[in-house]
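Q: Turn these sequences into a full structure, and let the hints steer you where they fit.
In the order they appear, the protein sequences are chains A and B. Heads up: the first sequence begins at 30 in the numbering used here, then just goes up one per residue. Heads up: the second sequence begins at -6 in the numbering used here, then just goes up one per residue.
Worth double-checking, as some hints may not be accurate.
Claimed, not checked - Keeping only pairs whose Cα atoms sit at most 30 Å apart, straight-line, the calculated DSSO-like set for lysine-lysine is:
| # | chain 1 | residue 1 | chain 2 | residue 2 |
| --- | --- | --- | --- | --- |
| 1 | B | K197 | B | K35 |
| 2 | B | K251 | B | K149 |
| 3 | B | K251 | A | K144 |
| 4 | B | K35 | B | K149 |
| 5 | B | K170 | B | K149 |
| 6 | B | K296 | A | K229 |
No lab work stands behind these hints: they were computed from the structure.
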Amino acid sequence: MRYPRGTLIRNTTAARINHWITGGCFVLLLLSGLAMFHPLLYWLSALFGGGQWTRAVHPWIGCVLLVSYAGLIVQFWRDNLWNRDDIAWMRAFRRVLQNEEEGVPELDRFNAGQKFVFWSMALLVPILFVTGIVIWDVYFSPYTTIELQRVAVAVHCLAAAAAIIVWIIHVYAAIWVRGSLQAMTRGYVTPGWAWRHHRKWLRRLAASGSVGPRPGADGEAHRPPGRA
Amino acid sequence: MADLQSQDYIRRSASTMTPPSVRRHELEVAKLIDVSRCIGCKACQAACMEWNNLRGEVGYFEGTYDNPLDLDPNTWTLMRFTEWVDEKGNLEWLIRKDGCMHCEDPGCLKACPAPGAIVQYANGIVDFVSENCIGCGYCVKGCPFNIPRISPVDHKSYKCTLCSDRVGVGVEPACVKTCPTGAIMFGTKSDMTNWAGERIEDLKSRGFQNAGLYDPPGVSGTHVMYVLHHADRPSLYAGLPDNPRISLFVDFWKGLYKPLALAGMGLAVLAGFFHWVVAGPNEVQPEDEAAAQRLLRDAEQRK
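A: Written out as structure tokens, the structure is:
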């Protein structure tokens, strides 16, 4: 992948592919899961070829998502570690919501909201996987008790709704903060975007002469001059 | 019951509309199993297989009279044998015909996510409509009696239908017809309750002070009832639940939680939408680009 001249690499090609596999799985899981969750949404099962197919395919997609999300954890965990800036950012959350940049602390690659999404999913995905295995009737029902399955299905639904709400926040934030969607589709942001939202990250890249996403980890080339 | 059409439904799984139940005048039916008159001949098991065209795989002898060992997709009713020594040291051979209890408040139907895969007719029979079944196993979690079994062949759930197809045309279930001792009876629920009363009196006069009718209130009563000599201890009879009720987890998951979860998701979407309306998008300004360029230039010069 080549990026327009003068831009910063926000997400590497590998990270983007990894992200969209995860996102695709999540959307499919959400649709098939909601079809089996509420009668009002049972019609969604038609998207998967009917109820039997929906029931059969949902857990397999879940397995793909687990592996895929593990990949995201490997690629993103370092930049999602919690620090003091996050507390200051949360104190200034009202300003953030009002699109006011003044009084909002400078941030590194991710803000507390992004970290919240990352760690929430890091917690919820394994919970959904483990409880999902327990209620994967075809293969695993002989190995558990019905009482355990009852607990698992209740926890699975609680965790699923939590994950969906986190996902709604994630999607809306990408729509709200202009330029973030492009950062995950085509991989790059303008320096102005980095200045506005992740100034510490920009300073860190500038100081090391890196084009992103992390100093010392930029292996991908920019387009030659004139082709931007 | 005149036939098996939707006019006879009083409950339908995963449906937000209440069935019209235009044939509400239907009398409630019940099967009464008088455990004290059962001789354990398994004729009911054979009749069930025959009428419903079920042929399980031949298994192995496991040192017990239970054959097969458990209910399965091809075994909708099963004699369960228990040897119990009472307080006086007498051996009692307790034989219970296990199978769907046709609860008035069916946990399977409550848990089922597939519209119309489980229905309850006005006469009380709880029936699985296989073409709508998706094989998820939620009915297994809903059932307080551990009855439904998912077939590994066609991934659909099976259990006793109370011979709804026979009852629909005015004949008794196959097990009732075949029982040689009259231990299984079928009729209106009130007739069966009355008849059980006579039987219980008789049993009490013979020294079974705790004889009684098993029609558990925890599931609002059942359309399969037992006369037990030890009605104070149903669990003696191969683990018949003492006080069956739909699990609280299932109640929560299929009750309060369903609308709550959808409302939570809806609220999150609305919050986003109105944030957009009020605050609008957060866009990078020309000043941001200029400041960033200054920073990058300074960094370049410092090198």
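Q: Does the structure break any of the earlier hints, and which numbers would those be?
A: The structure breaks none of the hints.
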